[in-house]
Amino acid sequence: ILYKLTRDHDAQVVINAIEAINEIKANKGGIEIQRTLVIHLLNRIKDFNEWGQSIILDLTSKYTPTTKEEMFDIMNLLEDRFKHASSSVVLGAIKVFLHLTREDENLERQVFERLQAPLITLMTSSETTESYEVSFNVLSHIHLLVMKGAGTVFESEYKHFFIKYDEPSYIKNLKLEILSHIASQNNIQEIVNELSEYVT
1 ILYKLTRDHD
11 AQVVINAIEA
21 INEIKANKGG
31 IEIQRTLVIH
41 LLNRIKDFNE
51 WGQSIILDLT
61 SKYTPTTKEE
71 MFDIMNLLED
81 RFKHASSSVV
91 LGAIKVFLHL
101 TREDENLERQ
111 VFERLQAPLI
121 TLMTSSETTE
131 SYEVSFNVLS
141 HIHLLVMKGA
151 GTVFESEYKH
161 FFIKYDEPSY
171 IKNLKLEILS
181 HIASQNNIQE
191 IVNELSEYVT
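Residue numbers (my numbering): 1 to 200.
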């Protein structure tokens with residue numbers, strides 16, 4: 001009955017059915033991730049609220065497409081999620097893209113470049129609202145990407161990782177960690193000058 005409800009016309013019913021199945025089958029890893037279900041949900045993703053979209057994206061991040069064409073179809077369906085107002089939805093879409101391209105270094109590199117703008121936007125918007133929890137979450141994602149080899153992708157955006165005096169220490173420490181990995185011949189002088197100010 002619950003699996004049938006995942007095809008309901010009401011988006012809220014669909015998400016509640018998925019969550020109910022996840023609870024019932026928790027010891028078996030949750031809902032069975034089938035291609036037809038994933039594609040159906042992705043085609044309807046705009047009908048769901050922020051919570052529903054986050055659940056669908058989490059589900060999709062556990063699905064492995066059978067062909068490259070299918071992978072590109074999924075990425076095309078989710079491309080506009082990077083512009084969503086919710087940090088949860090944006091980060092969920094990022095998780096899916098990273099999962100889909102983890103086996104292909106060239107494609108992964110292109111995804112890193114594509115993710116730079118939404119991550120920087122999320123980070124700066126959370127700083128203006130002083131939402132430090134969101135800032136830390138986004139910075140953690142950037143740190144992970146940088147550690148995976150995306151340092152040059154964020155190299156030109158180094159000023160976004162300069163510290164603000166009123167930020168909590170856990171944000172400052174993470175920004176310094178990121179700065180140390182994105183430093184290059186192109187930005188090293190400005191970064192050192194900035195660090196000198198902090199030392200003073």
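These are computed hints drawn from the structure, not numbers from a lab.
Cβ atoms here follow ideal geometry from the backbone N, Cα and C, with glycine treated the same way.
Mixed in with the good hints, there may be bad ones.
Claimed, not checked - Mimicking BS3-like on lysine-lysine, the simulated pairs with C-alpha atoms at most 25 Å apart in a straight line are:
# : residue 1 : residue 2
1 : Lys83     : Lys25
2 : Lys83     : Lys4
3 : Lys28     : Lys46
4 : Lys4      : Lys68
5 : Lys95     : Lys83
6 : Lys148    : Lys172
7 : Lys172    : Lys68
8 : Lys25     : Lys62
To be verified - Label-pair ranges, simulated between beta-carbon atoms:
#  : residue 1 : residue 2 : range
9  : Asp73     : Glu32     : 34 to 42 Å
10 : Glu50     : Leu195    : 36 to 44 Å
11 : Lys25     : Glu113    : 46 to 54 Å
Structure-based check of all given hints:
1. Lys83 with Lys25: violated, 33 Å
2. Lys83 with Lys4: This hinted pair is violated, its Cα atoms lying about 31 Å apart.
3. Lys28 with Lys46: Outside the cut-off at roughly 29 Å; violated.
4. Lys4 with Lys68: violated, 29 Å
5. Lys95 with Lys83: Answer holds: Lys95 to Lys83 is near 15 Å, not above 25 Å.
6. Lys148 with Lys172: holds, 21 Å
7. Lys172 with Lys68: The given pair, whose Cα atoms are some 40 Å apart, is violated under the 25 Å limit.
8. Lys25 with Lys62: holds, 16 Å
9. Asp73 with Glu32: 34 to 42 Å: violated, 21 Å
10. Glu50 with Leu195: 36 to 44 Å: Roughly 38 Å apart at Cβ, these two residues keep to the hinted range, so it holds.
11. Lys25 with Glu113: 46 to 54 Å: Check failed, 38 Å falls outside 46 to 54 Å.
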